[in-house]
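Chains A and B, in that order, give the protein sequences. Mapping the first sequence onto the working numbering, position 37 (from 1) lands on 39, and the numbers just tick up by one. Mapping the second sequence onto the working numbering, position 96 (from 1) lands on 286, and the numbers just tick up by one.
Simulated from the structure, these hints should not be mistaken for lab results. Note that the Cβ used here is the ideal one computed from N, Cα and C, for glycine as well. Worth double-checking, as some hints may not be accurate.
[Said to hold, decoys possible] Computed spacing ranges between beta-carbons, pair by pair:
#	chain 1	residue 1	chain 2	residue 2	range
1	A	Ser54	B	Arg205	41 to 51 Å
2	B	Gln228	A	Leu48	20 to 30 Å
3	A	Asp61	B	Gln204	41 to 51 Å
4	A	Glu17	B	Arg205	44 to 54 Å
5	B	Ser195	A	Thr105	26 to 36 Å
6	B	Thr269	A	Lys44	22 to 32 Å
7	B	Ser249	A	Lys70	17 to 27 Å
8	B	Gly230	A	Asp19	23 to 33 Å
9	B	Arg205	A	Glu81	19 to 29 Å
10	B	Asp216	A	Gln16	19 to 29 Å
11	B	Asn262	A	His9	40 to 50 Å
12	A	Gln16	B	Gln212	40 to 50 Å
Read off the chains here:
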Amino acid sequence: GENVEQHPSTLSVQEGDSAVIKCTYSDSASNYFPWYKQELGKRPQLIIDIRSNVGEKKDQRIAVTLNKTAKHFSLHITETQPEDSAVYFCAASKTGNQFYFGTGTSLTVIP
Amino acid sequence: SAVISQKPSRDICQRGTSLTIQCQVDSQVTMMFWYRQQPGQSLTLIATANQGSEATYESGFVIDKFPISRPNLTFSTLTVSNMSPEDSSIYLCSVGLQGITGELFFGEGSRLTVL
Chain A
3 GENVEQHPST LSVQEGDSAV IKCTYSDSAS NYFPWYKQEL GKRPQLIIDI
53 RSNVGEKKDQ RIAVTLNKTA KHFSLHITET QPEDSAVYFC AASKTGNQFY
103 FGTGTSLTVI P
Chain B
191 SAVISQKPSR DICQRGTSLT IQCQVDSQVT MMFWYRQQPG QSLTLIATAN
241 QGSEATYESG FVIDKFPISR PNLTFSTLTV SNMSPEDSSI YLCSVGLQGI
291 TGELFFGEGS RLTVL
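Just chain B, same shape as in the assembly (with noise of 0.2 Å):
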């Protein structure tokens, strides 16, 4: 197993501002990726975090918007920029683990509020 160590756990925002999210995982992993939860809705994969280069983002959300960085194996960064209420959301880390197909671990979540 991983794990996933997400932060901040929450926070209240002003519109406009941006946040950054941090994920650290306690071994090295290869695949990372971040993840959207509207109050009561679904994980809407946001972009998948690639060490080394630009991460690969999914239809609908954009690098200007939510950019992504990777320096390592064990960690990576979620900016949320220019907020809007609309961006009120949870904002999960998960990773896979490298030899093992299959199963997505997940942090905690970060719990975002934009007033």
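Looking at chain A on its own, in the form it has when it is part of the complex (with noise of 0.2 Å):
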């Protein structure tokens, strides 16, 4: 199956401050790049995704690009604030078939 790599695994930022959170995959047939947020006790929850044939997409204070040469793609949230705390899972699929996520990153927003 697809392999996905994600960094860093935890992550401080200062309220207002940006974070970044970066992932990897390789299975070069993978074509559809979901990112989950999950918040503490609760089921994961779909942010944002982007397809293979698009390089960036955004959605207010989120955004999500991808690199499909070097296989990866990155989730950045700007203007970060106290809700956006929660681990975040980055994920990797063909489309509509199984699949695979990132070991997860741990944002903290300090207010």
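Make the complex out of the two chains shown on their own, each in a separate frame, by following the hints.
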């Protein structure tokens, strides 16, 4: 199966600063890359995704970039707020099939 | 979206016993998966639950340990057999909706503690 690596494992930022989380994947056939946010004790929920025919996607304070050649993609959160504190998981998938998740990044936004 | 109900939400089990987790979805779904999330860890895919046929297991997971049923497009079960403390984990049912390639929806999870 696919192998997804994610860095860093923990990240602390001051409120208002930006946070960047990076992932790499191994299977060049993967074509869908979602990001999930998991708050403590809750289920993971999709926050943004990107497909292989797009290099960048933005949704308000959240953006994702994809470099297919290098097989890596990144999550960018700007103007961070305390409610952004959570564990973030990247994932890779071949459309409609199994999703393979990264190891997770625990983000803490310090007020 | 999809509403996914899992039960039990949590259980404490004795070593050597087996427990079956149920997953019910409020609509017919094409893709149904079972994940394991050990404390503080990521989501590891156990298997794809195939409707009407045997599940497809990922490397490191076998049918004898994690038998899965999927009798129809809205329901699946995962059994954790002959449990040991190492099986203590959260088990999550997840679905992908037919016709929508992308988002994976998760159930609330079943937190198992094996003594």
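Going through the hints against the structure:
Our hint of 41 to 51 Å for serine 54 of chain A and arginine 205 of chain B holds, since their Cβ atoms are close to 45 Å apart. In this structure, glutamine 228 of chain B and leucine 48 of chain A meet the distance hint of 20 to 30 Å, their C-beta atoms being roughly 22 Å apart. Range check, aspartate 61 of chain A to glutamine 204 of chain B: about 47 Å between beta-carbon atoms, so the 41 to 51 Å window is met. The hinted range of 44 to 54 Å is satisfied by glutamate 17 of chain A and arginine 205 of chain B, whose Cβ atoms lie roughly 46 Å apart.
Here the CB-CB span from serine 195 of chain B to threonine 105 of chain A is close to 28 Å, well matched to the stated 26 to 36 Å. Separated by about 25 Å at the C-beta atoms, threonine 269 of chain B and lysine 44 of chain A satisfy the suggested range of 22 to 32 Å. At roughly 25 Å, the beta carbons of serine 249 of chain B and lysine 70 of chain A sit within the given window of 17 to 27 Å. Checking the proposed 23 to 33 Å range against glycine 230 of chain B and aspartate 19 of chain A shows it holds: the Cβ atoms sit about 25 Å from each other.
Checked against the hint of 19 to 29 Å, the C-beta distance between arginine 205 of chain B and glutamate 81 of chain A comes to roughly 49 Å, which is inconsistent with it. Checked against the hint of 19 to 29 Å, the C-beta distance between aspartate 216 of chain B and glutamine 16 of chain A comes to roughly 42 Å, which is inconsistent with it. The given range of 40 to 50 Å is respected by asparagine 262 of chain B and histidine 9 of chain A, whose C-beta atoms sit roughly 41 Å from each other. A beta carbon spacing of about 44 Å between glutamine 16 of chain A and glutamine 212 of chain B agrees with the range 40 to 50 Å that was offered as a hint.
The structure shown violates the earlier hints numbered 9, 10.
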